[in-house]
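Quick note on this note's numbering: the sequence shown kicks off at 160 and runs consecutively.
Honestly, the hints are just simulated from the structure, not real lab data.
Computed spacing ranges between beta-carbons, pair by pair: (1) Glu350 to Lys291: 41 to 47 angstroms; (2) Thr325 to Lys291: 46 to 52 angstroms; (3) Arg322 to Lys291: 37 to 43 angstroms.
Quick reminder that beta carbons are idealized off the backbone N, C-alpha and C, glycines included.
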Amino acid sequence: MAMFSNQADIFNKTHFVFRGDSIILQDGKLPDESVIKRCLEHQIASDWFSESDYNYSALLLEKDAPNPAGCKDMHLRDFFWQMRDSDEGKKIAALSARAKGLLHFRKNKRFCSICGGMLEDDKKFTARTCCKCGHQFFPQLEPAIIVLVSKGDEILLAQHLNRTHTFYSCIAGFVELGETIENAVVREIKEETGLDVKDVRYVASQSWPFPDQLMLAFRAEYAGGEIQIQKDEIRDAQFFARDDLPQTPPPGSVAWNLIHEKF
Numbered sequence: 160m161a162m163f164s165n166q167a168d169i170f171n172k173t174h175f176v177f178r179g180d181s182i183i184l185q186d187g188k189l190p191d192e193s194v195i196k197r198c199l200e201h202q203i204a205s206d207w208f209s210e211s212d213y214n215y216s217a218l219l220l221e222k223d224a225p226n227p228a229g230c231k232d233m234h235l236r237d238f239f240w241q242m243r244d245s246d247e248g249k250k251i252a253a254l255s256a257r258a259k260g261l262l263h264f265r266k267n268k269r270f271c272s273i274c275g276g277m278l279e280d281d282k283k284f285t286a287r288t289c290c291k292c293g294h295q296f297f298p299q300l301e302p303a304i305i306v307l308v309s310k311g312d313e314i315l316l317a318q319h320l321n322r323t324h325t326f327y328s329c330i331a332g333f334v335e336l337g338e339t340i341e342n343a344v345v346r347e348i349k350e351e352t353g354l355d356v357k358d359v360r361y362v363a364s365q366s367w368p369f370p371d372q373l374m375l376a377f378r379a380e381y382a383g384g385e386i387q388i389q390k391d392e393i394r395d396a397q398f399f400a401r402d403d404l405p406q407t408p409p410p411g412s413v414a415w416n417l418i419h420e421k422f
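Construct all of the structure, not just a fragment, from the sequences and the given hints.
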């Protein structure tokens with residue numbers, strides 16, 4: 160159980176300030192209480208809250224708001240990478256993912272889908288409660304699989320069609336109702352590339368708050384078939400030698416960890 164309050168507590172130990180998919184850093188570190196005060200005083204935050212159980216505050220800056228003096232944006236993925244080398248850093252990264260996910264939850268849960276009433280912060284749980292009918296809404300995760308398929312010394316990578324970038328990455332997709340995560344791995348690979356796989360093995364997980372995913376990473380072995388791409392999803396898919404890879408996702412991403420064997 161945890162309870163969050165619709166206020167930014169400047170006495171908390173840790174403060175997170177976000178804009179879009181970026182985290183705001185003060186001289187390369189998390190901002191101190193002076194930054195929180197300035198954001199609130201100048202009314203450039205669209206939402207803020209604190210969680211006393213976790214001793215942190217979180218603010219979401221308006222899209223076009225200027226950064227406080229001494230502060231710069233860093234993509235949250237890069238922040239995850241920066242925090243990877245220590246246990247304390249990993250804890251901070253996980254907490255930042257929680258904070259970012261809850262800001263998204265609060266932004267999208269303003270009105271009750273049952274009666275249309277206004278939602279307010281629950282007094283007992285990390286949830287929002289309807290002021291009219293009392294229905295509770297809890298944060299929800301969207302489980303997604305991401306898988307690296309091996310064929311001898313080669314790995315399967317795909318260039319996704321509906322992305323702004325052009326690099327090659329692993330096959331990924333959301334888990335559907337009624338299926339196991341292992342079934343989702345087999346289905347996504349078959350749908351997107353036409354290939355069959357075997358020896359599906361869970362590797363690791365990573366919170367991926369873009370906006371609210373839990374990425375479940377797997378490895379699998381090629382079992383048969385010829386590549387036939389799903390043309391409305393995939394631009395290209397090939398097996399690549401590990402020592403001759405195309406451009407891949409940047410460090411800090413789940414795919415990078417899989418491709419470069421960091422899990």
